[in-house]
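Residues per chain are reported as follows:
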Amino acid sequence: MTFRRTPLLFDHQHLLGIEALTKKDIGTILDTAESFTEISKREVKKVPTLRGKTIINLFFEPSTRTRSSFEMAAKRLSADIINFNRQFSSVVKGESLKDTVLNLEAMQSDAIIIRHACPGVPHYISTFCRSHIINAGDGAHEHPTQALLDAFTIRQQKKNMADLKILIVGDILHSRVARSNILLLNKMGAEVVCVGPPALLPEEFTRLDIAFDHDLDRAIRGADVVMMLRIQSERQQKNMFPSLREYRNIYSLTQKRFRRAKRNAIIMHPGPLNRGVEISADLADSTKSVILRQVENGVAVRMAVLYLLLGGKEREITD
Amino acid sequence: MEEKIKAKVMDARRIKRALHRMVTEIVERNRDLNSLVIVGIRTRGIYLGKRVSQMITEMEDIKIPVGVLDITLYRDDFSELEAQHMVKKTEIDFSVGEKDVLLFDDVLFTGRTIRAAMDSLFDLGRPKSIQLFILIDRGHRELPIRADYVGKFLPTSKREIVQVHLKEIDETDEVLITEPIDDL
Numbered sequence: 028m029t030f031r032r033t034p035l036l037f038d039h040q041h042l043l044g045i046e047a048l049t050k051k052d053i054g055t056i057l058d059t060a061e062s063f064t065e066i067s068k069r070e071v072k073k074v075p076t077l078r079g080k081t082i083i084n085l086f087f088e089p090s091t092r093t094r095s096s097f098e099m100a101a102k103r104l105s106a107d108i109i110n111f112n113r114q115f116s117s118v119v120k121g122e123s124l125k126d127t128v129l130n131l132e133a134m135q136s137d138a139i140i141i142r143h144a145c146p147g148v149p150h151y152i153s154t155f156c157r158s159h160i161i162n163a164g165d166g167a168h169e170h171p172t173q174a175l176l177d178a179f180t181i182r183q184q185k186k187n188m189a190d191l192k193i194l195i196v197g198d199i200l201h202s203r204v205a206r207s208n209i210l211l212l213n214k215m216g217a218e219v220v221c222v223g224p225p226a227l228l229p230e231e232f233t234r235l236d237i238a239f240d241h242d243l244d245r246a247i248r249g250a251d252v253v254m255m256l257r258i259q260s261e262r263q264q265k266n267m268f269p270s271l272r273e274y275r276n277i278y279s280l281t282q283k284r285f286r287r288a289k290r291n292a293i294i295m296h297p298g299p300l301n302r303g304v305e306i307s308a309d310l311a312d313s314t315k316s317v318i319l320r321q322v323e324n325g326v327a328v329r330m331a332v333l334y335l336l337l338g339g340k341e342r343e344i345t346d
Numbered sequence: 717m718e719e720k721i722k723a724k725v726m727d728a729r730r731i732k733r734a735l736h737r738m739v740t741e742i743v744e745r746n747r748d749l750n751s752l753v754i755v756g757i758r759t760r761g762i763y764l765g766k767r768v769s770q771m772i773t774e775m776e777d778i779k780i781p782v783g784v785l786d787i788t789l790y791r792d793d794f795s796e797l798e799a800q801h802m803v804k805k806t807e808i809d810f811s812v813g814e815k816d817v818l819l820f821d822d823v824l825f826t827g828r829t830i831r832a833a834m835d836s837l838f839d840l841g842r843p844k845s846i847q848l849f850i851l852i853d854r855g856h857r858e859l860p861i862r863a864d865y866v867g868k869f870l871p872t873s874k875r876e877i878v879q880v881h882l883k884e885i886d887e888t889d890e891v892l893i894t895e896p897i898d899d900l
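So the sequences go chain by chain: A and B.
Read in order, the letters of the first sequence are residues 28 to 346 in our numbering.
Read in order, the letters of the second sequence are residues 717 to 900 in our numbering.
Treat each hint with caution, since some may be false.
What the hints assert, rightly or not - Calculated lysine-lysine pairs in the BS3-like style (CA-CA distance at most 27 Å, straight line):
id	chain 1	residue 1	chain 2	residue 2
1	A	K51	B	K805
2	B	K868	B	K766
3	A	K186	B	K804
4	B	K724	B	K779
5	A	K68	B	K766
6	B	K805	A	K80
7	A	K51	A	K185
8	B	K805	A	K72
9	B	K883	B	K724
10	A	K185	B	K804
11	B	K868	A	K68
12	A	K73	B	K844
13	B	K779	A	K68
14	A	K72	B	K844
15	A	K102	B	K874
16	B	K883	A	K68
17	A	K73	B	K804
18	A	K186	A	K102
19	A	K186	B	K805
20	B	K804	A	K51
21	B	K724	B	K874
22	B	K804	A	K214
23	B	K732	B	K720
24	B	K883	A	K73
25	B	K804	A	K72
26	B	K805	A	K50
27	A	K102	B	K805
28	B	K779	A	K80
29	A	K185	B	K805
30	A	K68	B	K844
For the record, the hints were derived by calculation from the structure and aren't laboratory data.
Please construct the entire structure, taking both the sequences and the accompanying hints into account.
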């Protein structure tokens, strides 16, 4: 095998959001993830690539999937990973975010994966950190690895993303998953339609080439992918729709509604699932649902992100 | 980086002859061909492996499975390289455990690729033995590694580049020595 020097595959120091990525960057991450899927199916699910690297999982908000997915991805690449638990940390004694991060980084971390309720926190940390920063969800802003694993799952099921009609249904306003997905799918050229109650559809997206609809029954016709979102009660200051029951009547994905989509359409959900609210339980478990496939792909996609950020040449940071 | 061709050291006929001789050596040395499997290192090791598998079939009427190994994740020079390498898939759909593995690569140079390939193989199982098949041994080893089957020993300077072209991906079968041109 002869190696030649080529330009950097992925020329980013951090992964703060989909916004900063080009279509080519996204392609590189998804192609790399494709190669990583095989490792998780081996008997020895581990490669030595990131041996000696230290990664910190800094989660200020609860998480099941993202945190364990990142942890598994890091371990399959042989990196050491530390899980920071807000409840048992000095944050409860009043230590600031900046001090917390600086102290953890003083232990020579190479990457920090951060989830925080405030939008922009990953970006803020990247201004004073040496480590690679990966955004694992910042408020209602972005959740880039979720959008990447969704794109990976769509690519696995459907051929050309640019030919697809993709519905994102529910609480778009409070959803960082929706925001990252809209940005990504838009870059890849898919037709995106956001569906939900008017109060939960953000106006800022009107500058992007996406459609809005308040009528799920109308919008779902001809859809290739239906992505359901959870109502984020924890982020809603005031009630943005009359009642959960009314919401369910109009926006819940049921067998009857789903039959209007294309015959080979797939159902996605970033989790956590509220069965019987945004999606009926039988649909969530049906063969049309790729929800658990999304979770499975999450590990490969996060391995790809860690590899592309940490596996290359170490560069000096200049101000 | 511009490079100029210094010499063509093998053409299609010479490569074919070398492969024939090496196939005979493989068959002679491995009494039990049933436990033999071929693993090609991306990219050109795969094509050499496939050709040899085909030639063994013609000679001995036995099918030798061929797998593909991508060693990018096992490389020891991540932080030295300026460029990252695209990780490609390892595709070995048979078990290497208790098998005589024939490892294929086009050029043997420092030996680091082979070290990485062996580490990678051990993560997939415990081979009974590993033998190394190389088209060109160009010297300059940095590790205690040698090939079991060698197409041609080719003394080179470190500055030179050995390029193996195979018709499956490069249109023609040939081995070239090239040298980078300094842009002064």
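Status of the hints after comparison with the structure:
no., hint, result
1, A/K51 with B/K805, "holds (20 Å)"
2, B/K868 with B/K766, "holds (19 Å)"
3, A/K186 with B/K804, "holds (20 Å)"
4, B/K724 with B/K779, "violated (33 Å)"
5, A/K68 with B/K766, "holds (25 Å)"
6, B/K805 with A/K80, "holds (23 Å)"
7, A/K51 with A/K185, "holds (19 Å)"
8, B/K805 with A/K72, "holds (14 Å)"
9, B/K883 with B/K724, "holds (15 Å)"
10, A/K185 with B/K804, "holds (21 Å)"
11, B/K868 with A/K68, "violated (38 Å)"
12, A/K73 with B/K844, "holds (22 Å)"
13, B/K779 with A/K68, "holds (26 Å)"
14, A/K72 with B/K844, "holds (21 Å)"
15, A/K102 with B/K874, "violated (37 Å)"
16, B/K883 with A/K68, "violated (33 Å)"
17, A/K73 with B/K804, "holds (16 Å)"
18, A/K186 with A/K102, "violated (31 Å)"
19, A/K186 with B/K805, "holds (20 Å)"
20, B/K804 with A/K51, "holds (17 Å)"
21, B/K724 with B/K874, "holds (17 Å)"
22, B/K804 with A/K214, "holds (24 Å)"
23, B/K732 with B/K720, "holds (25 Å)"
24, B/K883 with A/K73, "violated (35 Å)"
25, B/K804 with A/K72, "holds (17 Å)"
26, B/K805 with A/K50, "holds (22 Å)"
27, A/K102 with B/K805, "holds (19 Å)"
28, B/K779 with A/K80, "violated (43 Å)"
29, A/K185 with B/K805, "holds (20 Å)"
30, A/K68 with B/K844, "holds (23 Å)"
Going through the hint list in order, the structure does not satisfy hints 4, 11, 15, 16, 18, 24 and 28.
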